[in-house]
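Novice: Protein chains in written order, with this note's numbering: chain A, 1 to 369; chain B, 1 to 240; chain C, 1 to 373.
Derived from the structure by calculation, the hints contain no laboratory data. Glycine included, C-beta positions come from ideal geometry on N, C-alpha and C. Mixed in with the good hints, there may be bad ones.
Simulated crosslink set (DSSO-like; lysine-lysine; CA at most 30 Å straight-line) [claimed, not checked]:
1) C:K220 x B:K78
2) A:K10 x A:K45
3) B:K86 x C:K45
4) A:K198 x C:K220
5) C:K220 x C:K370
6) C:K221 x B:K86
7) B:K78 x C:K248
8) C:K221 x B:K71
9) C:K221 x B:K114
Derived list of chain C stretches under chain A, where covered just means 3 residues or more per stretch with a C-beta under 8 Å from a C-beta of chain A [claimed, not checked]:
10) 5-19
11) 65-72
12) 323-331
Residues from chain C that keep clear of chain B, each with C-beta distances beyond 12 Å, as calculated [to be verified]:
13) M25
14) T76
15) M200
16) E205
17) I208
18) E212
19) V216
20) S217
21) I219
22) K220
23) Q223
24) G227
25) F251
Listed here are the chains, written in short residue letters.
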Amino acid sequence: MKTYWAIFKKEVFHIFRDTRTLFILIGMPLAMVFIFGYAVTNEFKNSKIAILDHSKDELSGELIQHILASRHFIIERNINSTDDIDLIFRKGEIKMVVVIPPQFSEHFYSNDHSQIQFIIDGSEPNFANTLNQYATAMIRRFSLSKIGNSGSIPYSIAIEMRMMYNPELKSAYNFLPGTIAMILLLISAMMTSLTIAKEKETGTMEILLVSPVSPFILILGKIGPYAVLSFFNAVLILVMGYYVFDVPIIGSLCLLLLMCALYVLTALSLGVLISAKSDSQQSAMLTSLMTLMLPTMLLSGFIFPVSSMPLLLQYASKIIPATYFIDIIKSIMLRGTGISSIDFPVLVLIGMTLFFLMMSLVLFKSRLE
Amino acid sequence: MDQKVISVKGLTKRFGDFVAVDEISFDVFKGEIFGFLGANGAGKTTAMKMLTGLSKPTSGTGSVAGFEILKQAEKIKKNIGYMSQKFALYDDLTIKENAQFYGGIYGLNRRLIKLKVNQMLESLNLQDSGNKLVHSLPLGWKQRLAFSVAMLHDPPIIFLDEPTGGVDPATRRIFWEKIYAEASNGRTIFVTTHYMDEAEYCNRISMMVAGKMVALDSPKNLKLKYNAKTMNDVFVQIAR
Amino acid sequence: MRVLYYIIRKEFVQVFRNKAILPMMTILPIVQLIILSYAANNEVKQVNIHINDQDHSHFSRRLIQKIQAVDIFHTTSSSTDHQDGNTALLDGLADIVLNIPPRAEHTLLRTRAIKIQLLVNAINGQAATVGSGYLNQIIIDYNKEIRSELISGILVKPKLSPIDIEYSNWYNPELDYKTFMVPGLLGEIVTVLVMLLTAMNIVREREIGTIEQINVSPIKKWQFIIGKMLPFLVIGMILMIVGLVVGKLLFDIPIRGSIWLVFAFLLISLMAILGMGLLISNFANTQQQAIFIAFFFVLIFILLSGLFTPIESMPLWAQYLTIPNPIAHFVAFMRNVLIKGSEFSDVQYRFMVMGILAIVFNSLAILTYKKTT
């Protein structure tokens with residue numbers, strides 16, 4: 001036990017001496033939570049549009065007022081001809097033009113066919129879709145308010161939509177669990193693989209190995225501080241999410257922390273596995289970037305939904321531990337499910353962890369002999 | 001022999017509270033081989049960095065090749081050659097490419113570079129290996145090559161920072177013969193070393209202990225003064 | 001001038017002699033482009049839906065058929081009990097639960113209004129809006145259809161009818177996500193690779209010690225910096241050519257604008273990005289530190305570049321933060337010029353900002369590069 005603490009302490013010194021890296025280790029999660037919480041969002045507001053009003057009559061004026069009042073849109077300018085649309089779209093700031101046809105009032109009040117046209121910059125598909133939906137809903141509300149209450153239209157089906165678990169559609173809800181997965185991987189896997197590789201590179205590993213310390217105690221001592229640090233980071237992210245972005249923790253906190261601890265273990269065993277395979281810091285860094293960080297960022301469903309990917313990539317996402325971890329965390333935090341609803345991903349994650357742990361022990365041992 | 005090419009007065013370098021070089025003053029004359037000795041951490045490399053313009057002195061003045069080290073560092077650089085402790089040629093360039101590059105950055109013209117490089121290869125007996133990667137040369141050869149490259153632009157003064165570290169005795173010998181040849185051509189050599197037998201080859205030697213210059217004389221006089229048989233004994237007595 | 005020639009020649013020889021550089025310029029960007037453009041896809045392709053039909057009428061079956069006819073909706077389960085729907089949502093088996101109330105047809109036929117309930121898993125806000133939006137549209141269309149059937153039967157016409165809405169999506173009528181992503185990704189890949197390579201380059205000279213030999217020579221700072229920049233400028237150009245060819249052949253991306261405009265902007269952007277890479281290298285002593293610092297900034301730059309999420313949706317302070325972000329300008333430029341065919345006058349603002357960034361970053365890089373210690 002004494003030798004274990006000696007190594008543990010030495011590693012803590014290493015971490016605190018390299019202030020630049022320490023700064024990144026603490027600064028990275030904070031920056032990521034802030035960016036994801038505030039800036040990386042698909043929330044829809046203040047979109048700039050233009051109006052092409054061919055009729056300029058009473059009803060079109062009311063419609064424009066109605067659009068302005070919605071606060072979803074900012075009318076950036078009014079244009080006079082269809083030819084201008086291409087010109088303003090090419091500048092890229094305005095993404096939609098609402099075209100009001102000539103004699104709009106007349107047509108509407110004479111119950112002749114009245115029609116509004118949206119011309120949307122479709123280069124950004126999702127944004128185009130969202131614009132279309134918000135604008136459609138707005139026009140519909142406008143025409144209903146003109147016709148009178150909805151009761152006067154016979155046979156109408158009302159739709160009651162309830163946004164469950166995230167009523168305000170905040171993007172922090174979606175990104176927070178993924179951020180935890182990334183940070184734990186960065187510190188537990190990448191940093192540990194780097195520090196072990198560094199000892200190999202500088203030759204200090206040999207000195208430690210000729211000492212009477214058992215190699216397993218040695219490795220445990222080295223990864224201990226990183227385990228503590230990454231667990232601390234996970235809690236930090238949860239606390240920030242809770243107090244700054246109001247991301248709730250509906251399920252059991254105990255279960256949540258337990259799952260974080262499990263994932264720390266997964267990441268640590270991956271780190272040891274990589275370090276057993278690489279002799280230099282550079283190769284450790286490249287391996288963890290290419291096999292851990294990038295796939296986790298792209299394929300785990302962190303940023304992009306897995307269901308949108310081609311089948312091959314969907315299979316690939318199934319062998320990434322973070323996929324299961326993110327699933328578990330979302331369920332516990334946001335939906336408040338208990339262990340019984342997430343038994344499958346939990347079992348897969350435990351299985352993966354055991355597998356990586358075994359692999360790294362075997363590889364590490366074979367290198368010693 | 002009495003033309004001063006390096007002249008230093010009260011040169012000092014502090015890093016916070018730590019005084020790395022403490023008011024050293026000395027002159028070096030044209031064509032001299034000037035040895036700079038001291039234990040590890042005595043301040044040799046810092047002093048040399050100030051002379052070559054790699055580091056700015058905290059206080060004190062000095063001139064190298066007739067230029068002020070405080071204000072005319074870039075002019076000094078044109079007139080000196082430098083070979084560092086670390087091997088400083090590019091491993092992934094060939095011998096010729098390295099030489100051409102260093103000739104080029106000192107502003108030699110194409111014809112002169114060609115001439116110099118050929119002369120250099122000839123004197124090193126490397127005529128057939130000019131297109132080999134430096135990576136493939138043994139260490140001793142690399143050091144000799146680095147020395148020749150550092151002199152490609154014919155600098156009146158050359159600074160050598162532990163040029164023979166890790167080199168076998170035979171190669172060291174050849175190396176010093178080369179240094180002698182250059183000195184007799186009127187080039188000033190400023191060299192730091194750990195090898196006391198090499199110190200014997202120098203015209204004059206200065207010794208640094210904890211940032212201060214504690215001795216400055218010819219090897220012969222130093223041995224007399226400290227009543228020692230070899231420079232090794234002198235060193236041990238001074239450095240304690 | 002002669003000095004500069006020798007510096008540049010040395011850098012070119014070194015960079016292109018490195019065996020890792022060729023695959024880095026060809027295979028790496030191609031693989032990245034392919035994987036990213038398939039993976040970085042926010043298109044909502046599949047929405048799992050749980051149908052809870054408590055009506056069991058002709059009306060409800062017709063609605064369900066309409067929903068099932070749409071490709072993106074997959075009916076994963078159905079029930080006649082509220083509780084089942086809630087469980088499906090809780091367990092993540094369904095993204096949307098559709099609740100059709102009992103006696104819906106009966107109520108509707110008596111010309112009264114009925115209410116259909118949609119419970120949407122909104123953890124991923126975007127998928128929620130897009131999925132529920134489609135479903136909404138289906139129900140509204142169905143409503144219209146039913147109304148016109150019933151009204152024509154009864155022959156009672158309302159005084160006023162709602163305003164019709166027609167829409168068209170320009171430039172990308174199919175709303176193909178790849179058309180949107182590939183030009184942006186191209187911009188991102190070129191900038192990130194070039195920045196990382198440059199940052200590593202000077203630090204490497206510092207690590208092996210050759211930088212000292214350069215520092216005692218009379219070489220000027222700007223000569224050194226230019227020498228370091230040029231090879232990567234060429235690499236950036238090659239990367240872009242490779243990327244455009246692959247994008248055209250594999251994804252058939254549109255190239256509506258002038259290709260010369262693209263390369264003119266690329267030149268200025270590369271200068272800004274190279275300046276940034278050099279700046280990073282000035283603050284790092286080891287390659288490891290350089291990678292960490294570069295990784296940190298690159299991640300923030302990409303997330304705030306509008307590549308994955310629209311800049312319009314960001315809060316104002318974050319929108320201002322995109323101004324000094326070269327990746328943001330490059331991504332936006334590529335999209336505007338390739339997809340929409342923007343001309344110089346449309347994007348001159350970005351030329352100006354990028355030009356200023358290039359000057360600022362390079363001046364900082366030259367100022368912070370110290371020949372002394």
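Novice: Work down the list of hints and note, for each, if the structure agrees.
Specialist: Hints and how they fare:
{"no.": "1", "hint": "C:K220 x B:K78", "in the structure": "holds, 11 Å"}
{"no.": "2", "hint": "A:K10 x A:K45", "in the structure": "violated, 51 Å"}
{"no.": "3", "hint": "B:K86 x C:K45", "in the structure": "violated, 59 Å"}
{"no.": "4", "hint": "A:K198 x C:K220", "in the structure": "violated, 35 Å"}
{"no.": "5", "hint": "C:K220 x C:K370", "in the structure": "holds, 11 Å"}
{"no.": "6", "hint": "C:K221 x B:K86", "in the structure": "holds, 22 Å"}
{"no.": "7", "hint": "B:K78 x C:K248", "in the structure": "violated, 52 Å"}
{"no.": "8", "hint": "C:K221 x B:K71", "in the structure": "holds, 17 Å"}
{"no.": "9", "hint": "C:K221 x B:K114", "in the structure": "holds, 26 Å"}
{"no.": "10", "hint": "5-19", "in the structure": "violated (count 0)"}
{"no.": "11", "hint": "65-72", "in the structure": "violated (count 0)"}
{"no.": "12", "hint": "323-331", "in the structure": "violated (count 0)"}
{"no.": "13", "hint": "M25", "in the structure": "holds, 17 Å"}
{"no.": "14", "hint": "T76", "in the structure": "holds, 59 Å"}
{"no.": "15", "hint": "M200", "in the structure": "holds, 14 Å"}
{"no.": "16", "hint": "E205", "in the structure": "violated, 9 Å"}
{"no.": "17", "hint": "I208", "in the structure": "violated, 7 Å"}
{"no.": "18", "hint": "E212", "in the structure": "violated, 5 Å"}
{"no.": "19", "hint": "V216", "in the structure": "violated, 4 Å"}
{"no.": "20", "hint": "S217", "in the structure": "violated, 5 Å"}
{"no.": "21", "hint": "I219", "in the structure": "violated, 5 Å"}
{"no.": "22", "hint": "K220", "in the structure": "violated, 8 Å"}
{"no.": "23", "hint": "Q223", "in the structure": "violated, 8 Å"}
{"no.": "24", "hint": "G227", "in the structure": "violated, 9 Å"}
{"no.": "25", "hint": "F251", "in the structure": "holds, 37 Å"}
The structure is inconsistent with the numbered hints 2, 3, 4, 7, 10, 11, 12, 16, 17, 18, 19, 20, 21, 22, 23, 24, although it conforms to all the rest.
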